[in-house]
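All chains should be built: construct the whole structure from the sequences, respecting the hints.
Chains as they are written, first to last, in full-length UniProt numbering: chain A, 1 to 477; chain B, 1 to 477; chain C, 1 to 477; chain D, 1 to 477.
Don't read these hints as lab results, they were simulated from the structure. Treat the hints with care, since some could be wrong.
You can't tell identical chains apart in this list, so a pair holds if it fits in one copy or across any two.
Here are the simulated DSS-like cross-link-like pairs (lysine-lysine), alpha carbons at most 30 Å apart as the crow flies [claimed, not checked]:
id: 1; residue 1: 460; residue 2: 31
id: 2; residue 1: 159; residue 2: 217
id: 3; residue 1: 317; residue 2: 159
id: 4; residue 1: 159; residue 2: 249
There are 4 protein chains.
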Amino acid sequence: MNDTTLKSIAKSLVPENYLALANDARLERDKEIKLLLEQRKLPTYGWSDTMIEYFVRELALLDSNNFPSRCGVGEREGRVICDLVRRRHYNFSHGIGRSGNLTDAQPKAVGSTIMANLTNCLVRDWIRSAGIPTCARATVIPVATGMAMMLVLRTVHAKRPAASYVLWSRVDQQSCFKSILAAGLTPIIIDCIAHQEDVPGVAIKPFATDLPAFVSKIEELGADRICCIVSTTSCFAPRSSDDVIELSKLCQRYDIPHLVNNAYGLQSTYFSHQLAQGARVGRIDAFVQSTDKNLLVPVGGAIVAGFRPDTVEAVAKLYPGRASGSQSLDVLMTLLSLGRRGYEKLMTERKEAHAMLLEGMVKLAEAHGERILPCRNPISIAMSLASFEATAGRLEMIGSMLQKRGVSGCRVVSTADSKTIDGNTFLRWGSHSSRCSVPYLTASASLGMEPQDVTNFLSKLDGVLRKYRTKDKGDGS
Amino acid sequence: MNDTTLKSIAKSLVPENYLALANDARLERDKEIKLLLEQRKLPTYGWSDTMIEYFVRELALLDSNNFPSRCGVGEREGRVICDLVRRRHYNFSHGIGRSGNLTDAQPKAVGSTIMANLTNCLVRDWIRSAGIPTCARATVIPVATGMAMMLVLRTVHAKRPAASYVLWSRVDQQSCFKSILAAGLTPIIIDCIAHQEDVPGVAIKPFATDLPAFVSKIEELGADRICCIVSTTSCFAPRSSDDVIELSKLCQRYDIPHLVNNAYGLQSTYFSHQLAQGARVGRIDAFVQSTDKNLLVPVGGAIVAGFRPDTVEAVAKLYPGRASGSQSLDVLMTLLSLGRRGYEKLMTERKEAHAMLLEGMVKLAEAHGERILPCRNPISIAMSLASFEATAGRLEMIGSMLQKRGVSGCRVVSTADSKTIDGNTFLRWGSHSSRCSVPYLTASASLGMEPQDVTNFLSKLDGVLRKYRTKDKGDGS
Amino acid sequence: MNDTTLKSIAKSLVPENYLALANDARLERDKEIKLLLEQRKLPTYGWSDTMIEYFVRELALLDSNNFPSRCGVGEREGRVICDLVRRRHYNFSHGIGRSGNLTDAQPKAVGSTIMANLTNCLVRDWIRSAGIPTCARATVIPVATGMAMMLVLRTVHAKRPAASYVLWSRVDQQSCFKSILAAGLTPIIIDCIAHQEDVPGVAIKPFATDLPAFVSKIEELGADRICCIVSTTSCFAPRSSDDVIELSKLCQRYDIPHLVNNAYGLQSTYFSHQLAQGARVGRIDAFVQSTDKNLLVPVGGAIVAGFRPDTVEAVAKLYPGRASGSQSLDVLMTLLSLGRRGYEKLMTERKEAHAMLLEGMVKLAEAHGERILPCRNPISIAMSLASFEATAGRLEMIGSMLQKRGVSGCRVVSTADSKTIDGNTFLRWGSHSSRCSVPYLTASASLGMEPQDVTNFLSKLDGVLRKYRTKDKGDGS
Amino acid sequence: MNDTTLKSIAKSLVPENYLALANDARLERDKEIKLLLEQRKLPTYGWSDTMIEYFVRELALLDSNNFPSRCGVGEREGRVICDLVRRRHYNFSHGIGRSGNLTDAQPKAVGSTIMANLTNCLVRDWIRSAGIPTCARATVIPVATGMAMMLVLRTVHAKRPAASYVLWSRVDQQSCFKSILAAGLTPIIIDCIAHQEDVPGVAIKPFATDLPAFVSKIEELGADRICCIVSTTSCFAPRSSDDVIELSKLCQRYDIPHLVNNAYGLQSTYFSHQLAQGARVGRIDAFVQSTDKNLLVPVGGAIVAGFRPDTVEAVAKLYPGRASGSQSLDVLMTLLSLGRRGYEKLMTERKEAHAMLLEGMVKLAEAHGERILPCRNPISIAMSLASFEATAGRLEMIGSMLQKRGVSGCRVVSTADSKTIDGNTFLRWGSHSSRCSVPYLTASASLGMEPQDVTNFLSKLDGVLRKYRTKDKGDGS
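Structure, rendered in C-alpha cells:
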C-alpha cells in the first residue's frame with residue numbers, strides 16, 4: 001500500500017493516532033529496503049522471514065504477469081496455470097535475461113530484473129567479504145557447477161578458437177572433467193603429486209599441483225594451442241588444493257587463461273586467500289563455485305566470478321536466451337536471511353566442526369592402528385584403512401555399514417579401483433593420483449555441520465570399524 | 001514499498017522507463033485497495049489470490065508484533081513461537097477487540113483492528129445484497145452459531161433480568177436448544193405443526209409455526225417473564241421455516257424480543273425475504289447465522305446481525321475480553337475472493353442444484369413407491385421411507401450403506417426415535433414434531449453443491465434402495 | 001503413501017537398494033508418530049516443521065471434505081471456497097465437537113477429532129510437567145480467557161442455579177470481571193490488600209487476598225447463595241497472586257466452588273505450585289489460562305483444566321454446538337514444535353529475563369529516586385513514579401513517550417484514575433486496591449522475552465525518564 | 001502414516017468405525033498414486049492441489065536431507081539454511097542426476113530421483129497424446145530452450161567432431177541462433193522464402209523453407225562437414241513453419257542429423273503432425289521445446305524429445321554434473337494438476353482464441369486499409385502497417401502506445417531494421433527474410449489466452465491505430 005492508500009483508511013476503521021504509530025514502523029521497514037536497493041550490499045544482520053517475503057513479493061508485483069489489468073498477445077506472457085507452481089515461485093514467472101544476454105533487463109519483468117541484478121550485487125559483496133576483496137564481478141548462473149564450467153570454457157574458447165587443449169590438474173570428481181568434454185575441448189590430465197609419506201626430515205608438500213609437469217606440457221603443446229588451465233581448490237582429501245598462486249603466475253607468464261574450479265571453496269578463507277593472491281600476482285580469468293554448497297540452497301546454481309568484469313560478462317553474453325530466475329531467488333532470500341553476521345557465524349562454526357572432526361579422527365585412527373593422510377585440506381579429512389584392507393579386503397562394506405547407520409557422504413576408496421571416462425583412464429580413481437597406494441575413507445566438515453553431527457559420526461565410525469574387524473568378513477548387518 | 005523506496009531503485013538495476021510501466025500497475029492495484037477502504041463495500045468482481053494476500057499482509061504489517069524494532073514488556077506481546085502457526089495466521093497474532101468490547105480498536109494491533117472492522121462492513125454489505133437491504137449492523141463473532149445464540153440470549157437477558165423463559169419453536173437440532181440451556185434460561189418448547197398429508201382439498205401449511213400455541217403461552221406466562229422468542233428459518237425437511245413475519249408481529253404486539261436462528265439461511269432469498277419483511281412489519285432484535293455454511297469457510301464463526309445497531313452492539317460489548325481474529329480473516333479473504341458476482345453465482349448454482357435434486361428425488365420416490373414429504377423448504381428435501389420400514393424395519397442400515405458409498409449428510413429418520421436433553425424430552429426426535437408419523441430421509445442442496453454431486457447422490461441412493469429391498473434384511477455390504 | 005504404494009515404485013524409477021534405505025527413514029518417522037498417538041504425551045524434543053506438517057496433513061486427509069470421491073448432501077459439508085483459506089487451515093474445515101459436546105467425535109471429521117483430542121492430551125501432559133502433576137483433565141476451548149471464564153461460571157451456576165453471587169478478589173483487568181457480568185451473575189468485589197510500605201519491622205504480605213473479608217462475606221451472604229469464588233494468580237504488579245492455597249481451604253470448608261483465573265500463570269512454577277498445593281489441601285474446581293500467553297500462539301484460545309475430570313467435562317458438555325478447531329491446531333503444532341525441552345528452555349529464559357529486568361529496574365529506580373513497589377510477582381514489576389507525578393503531573397506522557405520509542409506493554413498508572421463497569425465503581429483503577437496511594441509503571445518479563453528486549457527497555461525507560469524531568473512539562477517529542 | 005501407524009490410533013481418540021471409513025478414503029487415494037507409479041502415464045483427470053502436494057511431499061521425504069536421524073559428513077548434504085527456500089522447494093534439495101548422467105539415480109535422493117524420472121515418463125506420455133504418438137523418449141532439461149538447443153548441438157557434434165557447420169533456416173529470434181554460436185559451431189543461414197504477395201493465380205507457399213537453397217548448400221559444403229540441420233516450427237508470423245517433412249527427407253537422404261526447434265509448438269496439433277510425419281518419412285534426431293510456453297510454468301526448462309532413445313540419452317549423458325530439480329517439479333505438478341482432459345481443454349481454448357483473434361484482426365485490417373500477411377501459422381498473426389509507415393514513419397510509437405495501455409507481446413516490425421550478431425548480419429531483422437518489404441505488427445494466440453484477452457486487445461489496437469493516424473505524428477500519450 002502506498003502512502004495515499006494508507007491515508008484513505010477511515011477513522012471509522014481505526015483511530016488516527018494508532019495508525020500513526022503503525023505508519024512509523026512501516027516507514028522504518030521501507031527505509032531498510034531503500035538502503036538495500038541503494039547500496040546493494042549484504043545487510044549486516046539477517047532479515048526476518050516476514051521482511052524477506054514482503055520485499056520479494058513487492059518485487060514480483062512489478063512483473064507484468066502480476067499486473068491487475070494486462071492483455072498479453074505474445075508467445076510467452078508468464079502465465080502459470082498450476083496455482084501451486086505459481087505460489088512456490090512467489091509469482092515470478094518470466095525468468096531472467098533476454099535472448100541477447102543473461103543479465104539484460106526484461107521490459108515485461110521489471111521485478112525479476114531487479115531481483116536478478118540485485119542478487120548479483122549481493123553475491124559480489126558476499127564474495128568480497130568472504131576473503132576476496134578484489135572480486136570485480138559475480139553472476140549467478142542457473143546451472144550447477146559442471147555446466148557453469150562448461151559455459152566458461154566455451155566462452156574462453158570462443159576467444160581462442162584455435163586453442164582446443166585444456167590443461168587440467170587431476171581431481172577425481174567426474175563433473176569438472178566432463179565439463180571439458182562437453183565443451184568439445186581436449187583435456188590434458190596432469191596427475192596430482194602424491195603426498196610424501198611421513199619420511200623423517202621430508203616436509204609434506206602442501207599442494208597437489210605438479211607444476212613442472214604443467215610447464216613441460218605447455219612447452220610441448222605451445223601456449224597458443226592451450227585454451228586454458230583449469231585448477232581446483234576445494235576437493236576431497238587426501239588431495240590438497242592446487243597451487244593456485246603458482247599456476248596463476250604460470251598463466252600470466254605464458255598468456256594462458258586460467259579458470260579455477262572453486263566448487264565449495266568459499267567456505268574456507270584458506271581457499272579465498274589463494275584466489276585473491278593468485279589474481280594479485282598472476283592471472284585468474286574466472287573462478288566458479290556452486291550456490292548449493294557455499295550458500296546452503298538446493299542444487300541448481302553456480303556463481304561465476306572474476307577479478308575483472310570481462311570474462312564474467314562474456315559468459316552472460318554467450319548464454320543463449322532466457323534462464324530460470326529460481327536460483328537467483330534462492331540466493332537472494334538466503335543472503336538476506338543470513339546477513340553478513342549470519343554468514344560469518346556459519347563460517348566460524350564450520351571451522352570449529354573441522355577442528356573437532358580432525359581431532360576425533362586422529363584419535364580414532366590411532367586407536368585402530370591407522371593414520372590421517374597428510375594433506376592441506378581445510379574441509380575434507382582422509383584416514384587410512386590399510387589394516388582393514390589387509391584383514392578382509394572388502395572395504396566397500398564399511399561404506400554400506402555406515403550408510404545403514406544413517407551416515408552419508410563418507411567415501412571409502414580402495415586402491416584397486418580405476419575408471420575410464422570417454423576414453424580417458426584414471427588409475428586409482430578416487431585418489432586423484434595414479435601414484436597413491438593406500439586405501440582410505442574421507443569425511444568432510446562442510447557448511448552447516450553441527451557439533452552433534454561430528455560426535456554422531458565419530459561414534460558410528462568407531463562402531464562400524466570395530467564390528468568390521470570382529471566379524472572379519474564384515475557382513476554389514 | 002512506498003513511493004520513495006521505488007524511486008530509490010537504481011538505474012543500474014533496471015531502466016527507468018521499464019520501471020515507470022511497472023509503477024503504473026502498482027498504482028492501479030493500490031487504487032482498488034483505496035476504494036475498498038473508503039467505500040467498505042464488497043468489490044463487484046472477486047480479487048485474485050495474489051491481490052488478497054498482498055492486502056492482508058500489508059494489514060498485518062501494521063500490527064506491533066511485526067514492527068522491525070519493537071520492545072515488548074507487556075504480558076502479551078503477540079509473540080508466536082512456532083513458525084508454522086505464525087505463517088498460517090499471516091502474521092496476525094493479537095486477535096480482535098479489547099477487554100471492553102469486541103469491536104474496539106487495539107492500539108497494539110492497528111492492522112487487526114482494520115481487518116476486523118472492515119470485515120464487519122463487508123459482511124453487512126453482503127447481507128444487504130443477499131436480500132436484506134435494511135440490515136443496519138452485522139458483526140462476525142468468533143464462535144459458532146450455537147455459542148453466538150447463547151451470547152445473544154445472555155445479552156437480551158441482561159436487559160430483562162427478570163424474564164427467564166425462552167419461547168422456542170421446536171427444531172430438532174441440538175445446538176440451538178442447548179444454547180438456551182447454556183445461557184441459563186428456561187426453554188418453552190412449542191411443537192411444530194405437522195404437515196397435512198395429501199388430503200384432497202386441504203392446502204399444505206407453508207410454515208412450521210404453531211402461532212396459536214405461541215399466543216397462548218405468552219398469555220399464560222405473561223410477556224414480562226418471557227426473555228425472548230426464538231424462531232428458526234433454515235432447517236431440515238420436512239420442517240419448513242417458521243413464520244417469521246407473523247412471529248415478528250406477535251413480538252411487536254407483546255413487546256417481546258425476537259431472535260431468529262438463520263443458521264444457513266442466507267443461502268436462500270426466500271429466507272432473506274422473510275427476515276426483511278418480518279423486520280418491516282414487526283420486531284426482530286437479531287438474526288444469527290453461521291459463517292461456514294453461508295460463506296464456505298471452516299467451522300468457527302457466526303454473524304450476529306440486526307435491523308438496528310443496538311442489539312448487535314450490545315452483544316459486542318457483553319463479550320468479555322479479546323477474541324480470535326481468525327474467523328474474521330477467513331470471512332474477509334472469502335468475500336474478497338468471491339466479490340459480489342462470485343456470491344451471486346454460488347446462489348444461482350445452489351438454486352439450480354436444488355431444483356435438480358428435487359426433480360430427481362420426486363422421480364426416485366415415485367419409482368420406489370414413496371413420496372416427497374410436503375413442506376416449503378428451499379434447501380432440504382425429505383422423502384418418505386414408509387414401505388422400506390414396513391419391509392425390514394432397520395432403516396438405519398440405509399444410512400450406513402450410503403455412507404459406505406461416500407454419501408455424507410443424508411439423514412435417515414425413523415419414527416421410533418425420541419431424545420431427552422437436560423430433562424426435556426423430544427418425541428419423534430428428528431421430525432421436529434411429536435405428531436409426525438412417517439419415516440424419511442433428507443438431502444440438502446446447500447451452497448457449493450455441484451450438479452455432479454446431485455447426479456452421484458441420486459444414482460447411489462437408487463442403488464442402495466434397490467439393494468436394501470432385494471436383500472430384504474439389508475446387510476449393508 | 002502406504003506400504004503397498006511404496007512397493008509399487010518401479011525399478012525403472014529408482015533402484016531397489018536405494019529405495020530400501022529411504023524406506024527405513026520413513027519407518028523411523030512413522031514410529032515416532034505411532035509413539036505420539038499411543039502415549040499421547042509431549043515428545044521430549046521438538047519436531048521439525050517438516051515432521052509437524054507431515055503429521056497434521058495426514059490427519060486432515062482423514063476428514064471427509066478431503067476424500068477423493070465424496071458426495072455431500074448435508075447442510076454442511078466442509079466445503080471451503082477460497083483456496084487461501086483452505087490452505088491456511090491445512091484442509092481442516094469441520095471444526096471440533098458436535099452439537100452435544102465439544103469433545104465428541106465427528107463421524108465426518110475423523111482427523112479433526114483425533115487432532116482435538118490429542119491436543120487435549122498433550123496439553124494435560126504439558127500442564128503436568130509445568131508443575132501441576134495432579135492435573136486430571138484439560139481442554140482447549142476455542143475462545144479467549146474471558147469467554148472461557150464465562151463458560152465455566154455458567155457451568156458451575158447450572159449446578160447451583162440458586163447461587164448467583166460470585167466472590168471475586170479484585171484485579172484491575174476488565175476481562176475477568178466482565179465474564180461474571182456476561183454470565184448473568186452478581187460479582188461481589190473483595191478489595192485487595194494494599195501492600196505495607198517499607199515500615200521497618202513490618203513484613204511484606206506476600207499475597208493480595210483479604211481472607212478475612214472473604215470469610216465475612218460468606219457468612220453474610222450464606223455459602224448456598226454463592227455460586228463460586230474466583231481467585232487470580234498472574235496479574236500486574238503491584239498486585240501479588242491471590243492466596244490460592246488459603247482460598248482453596250476456605251472453599252472446601254464452606255463447600256463453595258473455586259475457580260482460578262490463571263491467565264498467564266503457567267509461565268511460572270511459582271503459580272503452578274500454588275495451584276497444585278491448593279488442590280491438595282483444599283478445593284479448586286477449575287483453573288483457566290490463555291493459550292496465547294502461555295504457549296505463544298495467536299489470541300483466541302483458553303485451556304480449562306481441573307484436578308478431577310467432572311467440571312472440565314461439564315464445560316465441554318455445556319458448550320452449545322460445534323466450534324473452531326483452529327486454536328487446537330495452533331496449540332498442537334506449537335507443542336510438537338517445542339517438545340518438553342523446548343518449553344523448559346522458554347521457562348528458564350523467562351526466569352532469567354525477569355531477574356535481569358528486576359535488577360535493572362531496581363538500579364533505575366534508585367537512580368531516579370524511586371523504588372520498586374513491594375510485591376510477590378514472578379512476572380510483573382512495578383516501579384513508583386511519585387517524584388515524577390510531583391514534578392509535572394502528566395504521567396500519561398511517560399507512557400506515550402515510551403510508545404513512540406517502540407516500547408509496548410509498559411503501563412503507567414496514576415493514582416487519580418477510577419473506573420465504573422456496569423454500575424460497579426473501582427477506586428484507583430489499575431491499582432487493584434482502593435487503598436493504594438502511589439503512581440507507578442509496570443513492566444513484565446513474559447514468555448518469549450529476550451535479554452536484548454530487557455536491555456533495550458531499560459535504556460529507553462531511562463532516556464524517557466530523564467527527558468521527562470528535563471523538559472519539566474514533558475512534551476513527549 | 002503407514003498402515004501400522006493408523007492402527008495405533010487409540011479408541012480414546014476416535015471411534016473405530018469412524019476411522020474405518022476414513023481409512024477407506026485413504027486407500028482410495030493411495031490407489032491412485034500406485035496407478036500413477038505403475039503406469040507412469042498422465043492421469044485422465046487433473047488431481048486436486050491437496051492430492052498433488054500429498055504426493056510430492058511424500059516423495060521429498062524419501063530424500064536423505066529429510067531423514068529424521070541423519071549424519072552427513074559429505075561435501076553436499078542437501079542442507080538448506082533459509083526456511084523460506086526450503087519450503088518453496090517442498091524440501092527437495094539434492095537436485096537431479098549425478099556427475100555421470102542427468103537421468104542417473106542419486107543414492108542420497110530417492111525421492112528426487114523418482115520425481116525426475118516420473119516427470120520424464122509423464123512428459124513423454126503427454127507429447128504422445130499431443131499428436132506425436134511415436135515419441136520414444138523425452139527429458140526435461142533444467143535450462144531454457146536456447147541452452148537446451150546448445151546442449152543438443154554439442155551432443156550431436158561430439159559424434160561428428162569433424163562437422164562444424166549448422167544449416168539453419170533463418171528465424172529472427174536471437175536465442176536459437178545464439179545457441180549455435182555458443183556451441184562453438186558455424187551457422188550457415190538459409191534465408192526464408194518471402195511469401196508471395198497476393199498475385200492473382202499464385203498460390204501462397206505454405207512453408208518458409210527454401211529447400212533448393214538447403215540442397216545446394218549441402219552439395220557445396222559436403223554432408224560430412226555439416227553437423228546438423230536446424231529447422232523451426234513455431235515462430236512469429238509472417239514466417240510459417242519450416243517444411244519439417246521435406247527437411248527430414250533431405251536429412252535422411254544425406255545422412256545429416258536434424259534438430260527441430262519446436263519452441264512453443266506443442267500447443268498446436270499442426271506442428272505435432274509435421275514432426276510425427278517428418279520422423280516417419282525422414283530423419284529427426286531430436287526436437288526441443290520450452291516448458292514455460294507449452295506447459296505454462298515459469299521460464300527455465302526445456303524438453304528434449306526424440307523418436308529413438310539414443311540422442312535424448314546422449315544429451316543426458318553429456319550433461320556435466322548434477323542439475324536443478326526445480327523445473328521437473330514444476331512440470332510434474334502442472335501435469336498432475338491438468339490431467340489429460342485439462343490439457344485438451346487448454347488446447348481447444350487456444351484454438352478458439354486464435355480463430356477469434358484472426359477474425360478480429362482481419363476486420364481491423366480492412367477497416368484501416370491494411371491486410372493480414374499471408375502465412376500458415378496457427379499461433380501468430382501479422383497485420384501490415386504499410387499505410388501507417390507512409391503517414392508518420394515512426395511505427396515504434398504504436399508499440400509503446402500499446403504497452404502503455406497494458407498490451408504486452410505485440411511486436412511492431414518496420415522494414416528498416418537490420419541486426420548483426422557476432423559478425424552475422426540479418427537484413428530486415430524481424431522479418432525472417434531479407435526479401436520482405438512490408439512493415440507489420442504481430443499478435444499471438446498462445447496457451448492460456450482467454451476470450452477476454454482477445455476482445456481487449458482488438459479494442460485497444462483499434463484505439464491506438466486511430467489515435468496514431470489522428471495525431472499524425474503520434475506522440476503516444
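Going down the list of hints, with the structure as the test:
1. In this homomeric assembly, residue 460 and residue 31 come within 30 Å of each other (Cα to Cα) only across copies, at 22 Å, whereas the closest approach inside a single copy is 50 Å.
2. Taking identical chains as interchangeable, the C-alpha atoms of residue 159 and residue 217 lie at most 30 Å apart whether they share a chain (21 Å) or sit on different chains (27 Å).
3. Both within a single protomer and between protomers do residue 317 and residue 159 lie at most 30 Å apart by alpha-carbon distance, with minima of 13 Å and 27 Å respectively.
4. Proximity of residue 159 and residue 249 under a CA criterion of 30 Å is satisfied intra-copy only: 21 Å inside one chain copy versus 37 Å between copies.
Hint compliance for this structure: every hint is met.
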